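S.K.: Let the hints inform the model, and build the full structure from the sequences given.
If you're matching them up, the sequences are chains A and B in order.
Residues in the first sequence are numbered from 37 upward in steps of one, following my numbering.
Residues in the second sequence are numbered from 70 upward in steps of one, following my numbering.
Since the hints were made in silico from the structure, they are not lab data.
It should be emphasised that the depicted structure is a prediction, and the values quoted were computed from it without experimental measurement.
No false leads were mixed into what you were given.
Ranges of calculated distance between the beta carbons of each label pair, as one might list FRET restraints:
| no. | chain 1 | residue 1 | chain 2 | residue 2 | range |
| --- | --- | --- | --- | --- | --- |
| 1 | A | Tyr-90 | B | Asp-125 | 19 to 29 Å |
| 2 | A | Asp-91 | B | Met-88 | 38 to 48 Å |
| 3 | B | Gly-132 | A | Gln-146 | 30 to 40 Å |
| 4 | B | Met-88 | A | Gln-50 | 42 to 52 Å |
| 5 | A | Ser-116 | B | Met-88 | 40 to 50 Å |
| 6 | A | Pro-149 | B | Asp-125 | 41 to 51 Å |
| 7 | B | Asp-95 | A | Lys-52 | 31 to 41 Å |
| 8 | A | Val-114 | B | Thr-89 | 37 to 47 Å |
| 9 | A | Gln-92 | B | Lys-83 | 52 to 62 Å |
| 10 | B | Asn-70 | A | Pro-66 | 25 to 35 Å |
| 11 | A | Gln-92 | B | Asp-125 | 29 to 39 Å |
| 12 | B | Glu-128 | A | Ser-67 | 16 to 26 Å |
| 13 | A | Lys-148 | B | Leu-148 | 43 to 53 Å |
Reference excerpt, derived from the structure (chain B facing chain A, CB under 10 Å, subset only):
| no. | residue |
| --- | --- |
| 14 | Tyr-100 |
| 15 | Tyr-104 |
| 16 | Gln-106 |
| 17 | Gly-109 |
| 18 | Met-110 |
| 19 | Tyr-117 |
| 20 | Asp-125 |
| 21 | Val-157 |
| 22 | Phe-159 |
| 23 | Arg-163 |
| 24 | Gln-170 |
| 25 | Phe-172 |
| 26 | Pro-174 |
| 27 | Gly-175 |
C-beta: ideal position from N, C-alpha, C; glycine also.
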Amino acid sequence: AQKITQTQPGMFVQEKEAVTLDCTYDTSDPSYGLFWYKQPSSGEMIFLIYQGSYDQQNATEGRYSLNFQKARKSANLVISASQLGDSAMYFCAMSGTAGKLIFGQGTTLQVKP
Amino acid sequence: NAGVTQTPKFQVLKTGQSMTLQCAQDMNHEYMSWYRQDPGMGLRLIHYSVGAGITDQGEVPNGYNVSRSTTEDFPLRLLSAAPSQTSVYFCASRPGSSYEQYFGPGTRLTVT
Numbered sequence: 037a038q039k040i041t042q043t044q045p046g047m048f049v050q051e052k053e054a055v056t057l058d059c060t061y062d063t064s065d066p067s068y069g070l071f072w073y074k075q076p077s078s079g080e081m082i083f084l085i086y087q088g089s090y091d092q093q094n095a096t097e098g099r100y101s102l103n104f105q106k107a108r109k110s111a112n113l114v115i116s117a118s119q120l121g122d123s124a125m126y127f128c129a130m131s132g133t134a135g136k137l138i139f140g141q142g143t144t145l146q147v148k149p
Numbered sequence: 070n071a072g073v074t075q076t077p078k079f080q081v082l083k084t085g086q087s088m089t090l091q092c093a094q095d096m097n098h099e100y101m102s103w104y105r106q107d108p109g110m111g112l113r114l115i116h117y118s119v120g121a122g123i124t125d126q127g128e129v130p131n132g133y134n135v136s137r138s139t140t141e142d143f144p145l146r147l148l149s150a151a152p153s154q155t156s157v158y159f160c161a162s163r164p165g166s167s168y169e170q171y172f173g174p175g176t177r178l179t180v181t
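M.R.: Right, here's the structure in full:
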């Protein structure tokens, strides 16, 4: 069975500093995708970044990068130069067959001014 | 494009009532899914569809029915609402050629 684990219920970071949100996963499928979503207090799900299991390089999208370590089954999100607007809940997710997503329990990030 | 739309945004039901949550997408996506999010938790898959006429169960399907008669629409039916179904419901879609899922704004359902 597929599983996503986020072990940090809450994180604080100072504005303009970098922060890493942890995510580990478990799957027996050779092909899968890993995602990070942001959910602000308004409730919508915002797609941040995607990493395919066969991608050789770590994905980057602006200030977001995904530190993909396949052997360790980890897919940590790195946010550089944190901004106050980054305060939100962050979810790691994994896709399997038919595009189904399995989500972790989330990490609440608070950015301090 | 409107993307993925969901109606209603909020709904209060009494135990035992039935209702349908609507979901529509105008991007011609093959795959559509319904998720529920309980407080402090991630999203859990209820039902999904890989195309018109094809649906399957996800992780938490009990108490819900779906159908997919068109590519655009994927309604979720609550047969007999229970307080345990109080949650935020998200509909999502994605094209067959991409992994990225597009989420609707969600429906907040309260069952009393």
